[in-house]
Amino acid sequence: MRMSKTNLLLTCAAGALALTIGAASSAQAEGKSLTMCWAAWDPANALVQLDKDFTAETGIEMKHEFVPWTSYADHFINLLNSRSAECDLIIGDSQWIGGAAENKWYVKLNDFFDKNNISMDTFLPATVVGYAEWPKNTPNYWGLPAMADAVGWTYRKDWFAKPELRAEFKAKYNRELEPPKTWDELIEVAKFFTGKEIDGKKVYGAYVFSERGSEGITMGVTNAMYNYGFDYMDPKKPYQMQGIVNSAGAAKGMDVYKELFTCCQPPGLTNAYMQEGLDAFKSGQVAMQMNWYAFFPGLAKDPNVGGDKIGFFKNPAGPAGDFTQLGGQGLSVVAASKNVDDALAYVKWFAQPKVQQKWTDLGGASASKAVLDSDAYKKSAAYAPSFVESMGMVKDFWAEPLYVPLLLDMQNRVHDYVVANKGTSQQALDSLVKDWVKVFKQEGKDPS
Amino acid sequence: MSVTNNARGIAEGVAFRAPATAMRVRGLSDRAVAWLFILPTMLLLLAINIFPLIWAIRLSFTGLMANLPTPARFIGIDNYVDILTDEDIWANFQITAHFVFWTIALQVLVGLGLALLINQKFRGHSFWTTVILLPMMLSPAVVGNFWTLLFQPQIGPFNYLIGFFTGAAPSSFTMIGSVALAPWTIVLVNTWMWTPYVMLICLAGLRSIPDHIYEAAEVDRASPLRQFVSITFPMVLPFLMLAVLFQAIQSFVMFDLVNLLTSGGPGSTTELVSITLKRAAFEKWETGYASALAVILFVTIFGAANIYVKALNKVKQQ
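Residue numbers (my numbering), protein chains in the order written: chain A, 1246 to 1693; chain B, 169 to 486.
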């Protein structure tokens, strides 16, 4: 039986394909691989795309283990603590750095950086302190800034542009309806929108974080508290918190957050964090939304509320300052990994300016000064200018080895006051100081 | 024929082997054989119940944090003092007591009522029994998630239903997010889920009452109310008390359902002791402290259950 010419060609092509796939698989099977661990969210998809370049350049296969935010910290801290080699590389939260350094979960990178001419000066200073240094503000590096992030705000630009609403606002407050620059203005604008009927639906002024279980309400309330005078300790006396954490300004900041939550949060969102905020904004429930910048590229492209309908602004200032909550993560090499050399090769590759640029282009958020300070970046998206500005005014929560109890104590005290209306802000902060003193004593530090 | 032959063969085999077995166990007393039988169970119980309990008691006297590589440090009774002098923990015990009391009260009332109804002979009563039992068959995770959705103030049907009957705007109140309503919300959902269980136990009690007792009561012209007070209730009471015991223990250690519904919030309004325990053990990683709290909970439940069982035995004797 003779084969037709077409059949012969197809058979040859199939054979060639099979050989290629077979060769590639056997090369990968014989070759090396690295497992990258992170949270399961939009930027992680960008990282998968980016890592294809690393595999193409080095032949090292990249595997990814992405865990939902709800179990991200528990899951990976348990792995690190048990000296598991499941992850070779980890994009770990900024709060983990203290524990990771003191318990030697991460590889210290100073010598590696020196040998490979990787300079921390090429990254935004706040991200170096937040994602790489322990102890803070000392040149001891345990990570490379990987995913720059901070709290920012989105607003419905199309609602703000409605002539009838602008006129009403002007008549009421004697100023233009614009994105707020201070927390007082934020509350005014939020109250103005709350209860209005827009596009046939009752809307609310602002969405703010209120989640109780992990970190949500703390990551929200600090944006008000920093700007009214809250700080974690006396800069001159480490771990001295009395009168700083529970200062009158800090209490006022908490009151302001509570006022915003009480007046203008959509009903039912009393235990809500990132996803609930995105849902509220995308469904046209709120005029303004607090959330992490990492979500803003996705929102800017949203078919219903993106494009011309959305605007962005940085966290409003307060009487005591102009700060915002730092988010984001650093890239670290897991000390228990069996592939430390290959993992370090990845860090070296990731630190390259061209890779940092591509990382941002794909939807990640580089902390590289070259990327963020460029005019091209600032013009690349509507959120870019306020993001760059925000990254210059960030403050972060404790990054102590015992950050979890510190965080959960603050979650409880803030939620009790802001959401459950228990006691006063001053009482909540006084109790918080007592809680934190107890934790620091457990850690062997002297908070007196 | 072949069956008979086989049977004979087996019988012969047994007869043949029996002396050998007897030889093997000869020298062992009845007590020793009994021990041999229960030994695997005892070992299993020791490994999975008693050993962890003793280990937890040991840890409760240390300042161990399981997420740190530092070894456990003996701190005496500090953890117990911390817990017993902590106002927040006492508040959580009060919240738990509120939850247990109202859950049990409602489950007993509704469960007994349903059992009395189902005990009547009516058409389709088997079908309705199955329908009533459905909530109990669901996983607490499923129940927690769908009730969260039902309680959603803007799209949830629960608020619309209440609004329909009261005229209140559905989005004007929130069951899960309100300090006043959240404690009742968890009672409501737990009652919905576990009342069928109480009903089932009561039904078993009702079905165990011999008909001739009612027949005798009818001969004596006892009214239905008199029959209930003098026959039904006393005879169902031991069953009811057993249901209360099971449900009280279950409610006291309730975690999954409440955690999914409210996570203990708003604030700490619905933070049952079991949630505090979980947060201390697996979120703050205060292993020593959490062990002490677990020991206190164990002693509380064990003590209360013992007193209750004694009362139950008295009722049974009566």
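The set of hints was computed from the structure by calculation and includes no laboratory data.
Where is the CB? At the ideal position from N, CA and C, for every residue including glycine.
Be aware that one or more of the hints could be misleading.
Part of the chain B face toward chain A, derived, beta carbon under 10 Å [stated by the list, open to error]:
| hint | residue |
| --- | --- |
| 1 | Thr230 |
| 2 | Leu236 |
| 3 | Asp250 |
| 4 | Thr253 |
| 5 | Pro325 |
| 6 | Asn327 |
| 7 | Ala336 |
| 8 | Thr342 |
| 9 | Met343 |
| 10 | Ala390 |
| 11 | Ser431 |
| 12 | Glu451 |
Here are the simulated lysine-lysine pairs, BS3-like style, with alpha carbons at most 27 Å apart [as the list claims (entries may be wrong)]:
| hint | chain 1 | residue 1 | chain 2 | residue 2 |
| --- | --- | --- | --- | --- |
| 13 | A | Lys1417 | A | Lys1546 |
| 14 | A | Lys1583 | A | Lys1308 |
| 15 | A | Lys1360 | A | Lys1407 |
| 16 | A | Lys1353 | A | Lys1690 |
| 17 | A | Lys1667 | A | Lys1481 |
| 18 | A | Lys1683 | B | Lys478 |
| 19 | B | Lys478 | A | Lys1679 |
| 20 | A | Lys1415 | A | Lys1441 |
| 21 | A | Lys1481 | A | Lys1546 |
| 22 | A | Lys1667 | A | Lys1546 |
| 23 | A | Lys1667 | B | Lys446 |
| 24 | A | Lys1686 | B | Lys482 |
So, going through the hints one by one against the coordinates:
1. The beta carbon of B/Thr230 comes no nearer than 12 Å to any beta carbon in chain A, farther than 10 Å, and the hint placing it at the interface is violated.
2. Annotation: interface hint on B/Leu236 holds; nearest CB of chain A at approximately 7 Å, less than 10 Å.
3. Satisfaction of the interface hint for B/Asp250 is found here, the shortest Cβ-Cβ separation to chain A being roughly 9 Å, below the 10 Å cut-off.
4. About 12 Å separates the beta-carbon of B/Thr253 from the nearest beta-carbon of chain A, more than 10 Å, and the hint is not met.
5. Annotation: B/Pro325 was flagged as interfacial toward chain A, and the flag is violated, the nearest CB pair being 14 Å apart, outside 10 Å.
6. Restraint check, B/Asn327 versus chain A: the minimum CB separation of about 9 Å is within 10 Å; hint holds.
7. The interface hint given for B/Ala336 is broken, as the beta carbon of that residue sits about 12 Å from the closest beta carbon of chain A, more than 10 Å.
8. The interface hint given for B/Thr342 holds, since its Cβ lies 5 Å from the closest Cβ of chain A, which is under the 10 Å cut-off.
9. The interface hint given for B/Met343 holds, since its Cβ lies 9 Å from the closest Cβ of chain A, which is under the 10 Å cut-off.
10. Taking 10 Å as the C-beta cut-off, the interface hint given for B/Ala390 is violated, the closest approach to chain A being about 53 Å.
11. Below 10 Å, beta-carbon pairs count as interface contacts, and B/Ser431 has one with chain A at about 5 Å; its hint therefore holds.
12. Taking 10 Å as the C-beta cut-off, the interface hint given for B/Glu451 holds, the closest approach to chain A being about 6 Å.
13. Between A/Lys1417 and A/Lys1546 the alpha-carbon distance is near 34 Å, which puts this suggested pair outside the 27 Å criterion.
14. Restraint check for A/Lys1583 and A/Lys1308: satisfied, since their Cα atoms lie roughly 15 Å apart, inside the 27 Å limit.
15. Proposed proximity of A/Lys1360 and A/Lys1407 is contradicted: the alpha carbons are some 58 Å apart, above 27 Å.
16. Restraint check: the Cα-Cα separation between A/Lys1353 and A/Lys1690 comes to about 23 Å, which is no more than 27 Å; the hinted pair holds.
17. A C-alpha spacing of about 33 Å is found between A/Lys1667 and A/Lys1481, which places the hinted pair above 27 Å, so the restraint is violated.
18. Pair hint A/Lys1683 plus B/Lys478 does not hold up; C-alpha atoms about 43 Å apart against a cutoff of 27 Å.
19. Simply put, B/Lys478 and A/Lys1679 have alpha-carbon atoms about 44 Å apart, too far for the 27 Å limit, and the pair is violated.
20. Between A/Lys1415 and A/Lys1441 the CA atoms are separated by roughly 16 Å; this keeps the pair inside 27 Å, and the hint holds.
21. Taking the CA atoms of A/Lys1481 and A/Lys1546, the gap is about 46 Å. The hint is violated against a cut of 27 Å.
22. Straight-line distance between C-alpha atoms of A/Lys1667 and A/Lys1546 comes to about 41 Å, which puts the hinted pair past the 27 Å bound.
23. Simply put, A/Lys1667 and B/Lys446 have alpha-carbon atoms about 23 Å apart, close enough for the 27 Å limit, and the pair holds.
24. Among the hinted pairs, A/Lys1686 with B/Lys482 is inconsistent with the structure: their alpha-carbon atoms are about 52 Å apart, more than 27 Å.
Hints 1, 4, 5, 7, 10, 13, 15, 17, 18, 19, 21, 22, 24 from the earlier list are contradicted by this structure; the remaining hints agree with it.
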